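Asker: Each chain is listed here by its residues.
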Amino acid sequence: MPDETQTKRFIYPTQGVCPPEIHFKLNNGNLEEIRFVGGGCPGNAQLVARLLEGKPLAEALEYLVGIDCRNGTSCPDQLAAAVTAAKKGNLTPAESFRVHADTANRCRVGLISSIEGNSVILQKLIQQMQASGIDACYCLGNLTGDSAHNKDLIQNIRKHNIVAIQGEGDWGYARGQEKENMPPLEQKDRDWLLRLPQVLSFQMKQKRGFVFFGDYIQSLPDYSDFEPYALEMNMVCGLTHFMQDETVFPALEAMIPQFRADIIIFSQLKKWGHWHIAGKDFISLGPASDAKGLSWGLLEVDGEKIEIKIMQAEYEGG
Amino acid sequence: MAESVKVLPQDIQEIIEVHEWDMRTREGVQRFRELKAKCLPSVALDGDLVYESLIPMQEELIDEILRRYKEKNQNE
Numbered sequence: 001m002p003d004e005t006q007t008k009r010f011i012y013p014t015q016g017v018c019p020p021e022i023h024f025k026l027n028n029g030n031l032e033e034i035r036f037v038g039g040g041c042p043g044n045a046q047l048v049a050r051l052l053e054g055k056p057l058a059e060a061l062e063y064l065v066g067i068d069c070r071n072g073t074s075c076p077d078q079l080a081a082a083v084t085a086a087k088k089g090n091l092t093p094a095e096s097f098r099v100h101a102d103t104a105n106r107c108r109v110g111l112i113s114s115i116e117g118n119s120v121i122l123q124k125l126i127q128q129m130q131a132s133g134i135d136a137c138y139c140l141g142n143l144t145g146d147s148a149h150n151k152d153l154i155q156n157i158r159k160h161n162i163v164a165i166q167g168e169g170d171w172g173y174a175r176g177q178e179k180e181n182m183p184p185l186e187q188k189d190r191d192w193l194l195r196l197p198q199v200l201s202f203q204m205k206q207k208r209g210f211v212f213f214g215d216y217i218q219s220l221p222d223y224s225d226f227e228p229y230a231l232e233m234n235m236v237c238g239l240t241h242f243m244q245d246e247t248v249f250p251a252l253e254a255m256i257p258q259f260r261a262d263i264i265i266f267s268q269l270k271k272w273g274h275w276h277i278a279g280k281d282f283i284s285l286g287p288a289s290d291a292k293g294l295s296w297g298l299l300e301v302d303g304e305k306i307e308i309k310i311m312q313a314e315y316e317g318g
Numbered sequence: 001m002a003e004s005v006k007v008l009p010q011d012i013q014e015i016i017e018v019h020e021w022d023m024r025t026r027e028g029v030q031r032f033r034e035l036k037a038k039c040l041p042s043v044a045l046d047g048d049l050v051y052e053s054l055i056p057m058q059e060e061l062i063d064e065i066l067r068r069y070k071e072k073n074q075n076e
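Chains as they are written, first to last, in the numbering used here: chain A, 1 to 318; chain B, 1 to 76.
In short, the hints are calculated from the structure, not lab data.
Since the structure is predicted, the reported quantities are computational estimates derived from the model, not experimental observations.
Do not rely on the hints blindly, as some may be mistaken.
Listed below are several chain A residues computed to face chain B (Cβ distance under 8 angstroms; list not exhaustive) [said to hold, decoys possible]: (1) G38; (2) Q218; (3) D225; (4) L231; (5) N234; (6) G238; (7) L239; (8) T247; (9) V248; (10) P250; (11) A251; (12) A254; (13) M255.
Cβ pair distances, simulated, as ranges [to be verified]: (14) A:E304 with B:R33: 23 to 33 angstroms; (15) A:S219 with B:S4: 30 to 40 angstroms; (16) B:R68 with A:G72: 34 to 44 angstroms; (17) A:Q244 with B:D48: 23 to 33 angstroms; (18) B:I55 with A:G72: 33 to 43 angstroms; (19) B:E71 with A:E304: 46 to 56 angstroms; (20) A:R190 with B:R68: 55 to 65 angstroms; (21) B:E59 with A:E307: 45 to 55 angstroms; (22) A:R190 with B:I55: 47 to 57 angstroms.
Here are the simulated lysine-lysine pairs, BS3-like style, with alpha carbons at most 27 angstroms apart [stated by the list, open to error]: (23) A:K88 with A:K8; (24) A:K151 with A:K188; (25) A:K271 with B:K38; (26) A:K188 with A:K8; (27) A:K271 with B:K36; (28) B:K36 with B:K70; (29) A:K270 with A:K309; (30) A:K270 with A:K151; (31) B:K38 with A:K270.
The beta-carbon is built from N, C-alpha and C at its ideal position, and this holds for glycine as well.
Let's have the full structure, built from the sequences with the hints guiding it.
Answerer: Below is the structure:
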């Protein structure tokens with residue numbers, strides 16, 4: 001194995017068994033967090049995972065190999081193939097979307113979207129949000145844009161310790177896709193942009209929520225439909241087209257009992273919107289600035305009710 | 001919904017091919033949208049959305065399958 005001194009996560013596409021994927025971690029040569037996802041016998045799969053938790057690979061393999069269930073293989077047999085491939089370096093560690101968890105329980109959260117390289121707007125919004133008594137600020141992509149001032153913006157976000165997530169434009173910029181006015185990034189800024197979380201999870205009283213930019217996450221090389229929050233993203237992006245197709249809301253409602261999040265926030269649409277369906281809140285953020293001025297979202301929870309207020313400020317120029 | 005298909009009599013099973021899509025996946029959602037379905041569960045026969053949000057009685061499903069089968073094979 002290339003490097004056994006750190007934890008690496010793997011996703012193995014199975015063949016001939018019910019679950020389409022096996023997820024697991026290798027930590028110093030020990031198996032951890034095995035999950036057979038997407039089908040199969042969940043009880044048996046959990047038992048296998050518990051029995052093998054923390055076991056060294058060699059010991060685990062003794063239990064796994066040579067078990068037949070169907071198509072000349074089985075879930076344990078596929079897990080054996082998966083860990084063997086990982087051990088030999090034939091299975092690349094998964095780099096799925098990155099989730100950052102805000103572990104504090106929040107009451108009033110400020111939300112900014114589509115700053116697109118305008119550091120002055122960011123400063124102004126931060127001042128207004130602080131005056132409004134928010135206890136956290138989440139800045140959704142796109143942070144950078146077709147602007148000559150992206151570097152200033154990145155510095156400002158870092159200086160103020162703003163929790164920021166990556167947008168599709170940021171992802172492209174970090175990978176060298178610069179538009180006309182965008183100066184090439186220095187390596188440290190490029191790395192910072194590239195390593196930004198793509199999903200941010202948070203807690204507001206009893207409600208669990210998460211924010212993400214939009215559907216570019218689904219095209220990331222190791223995106224898995226069975227990752228935490230992937231179901232919600234698949235429903236928002238693919239099924240409802242960012243809540244714009246109400247005709248499929250009955251299907252959305254049928255899938256909601258499987259959600260882990262209560263509040264789902266996205267910014268790709270660049271349009272304010274709030275939908276409350278089957279006890280879940282779906283929120284689309286508008287851009288930080290448009291012809292009407294500046295705007296940000298104030299997210300509050302009052303008992304069971306989630307409220308998003310669009311806060312506006314005048315702004316000239318920039 | 002797939003269960004109602006799995007319990008169809010053997011002679012019906014022999015003339016059909018069953019595909020089940022998982023709505024949790026991007027592939028399942030894409031197929032759902034291609035079929036222009038709105039509700040779950042949904043059943044399509046020969047690419048036509050026939051049952052939405054309801055599980056048909058076995059007799060009804062068999063009649064529809066046989067009708068389509070005869071229609072397709074009447075010229076053979």
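Asker: Which of the numbered hints are not met once you compare them with the structure shown?
Answerer: Nothing - there is no hint that the structure violates, so all of them hold.
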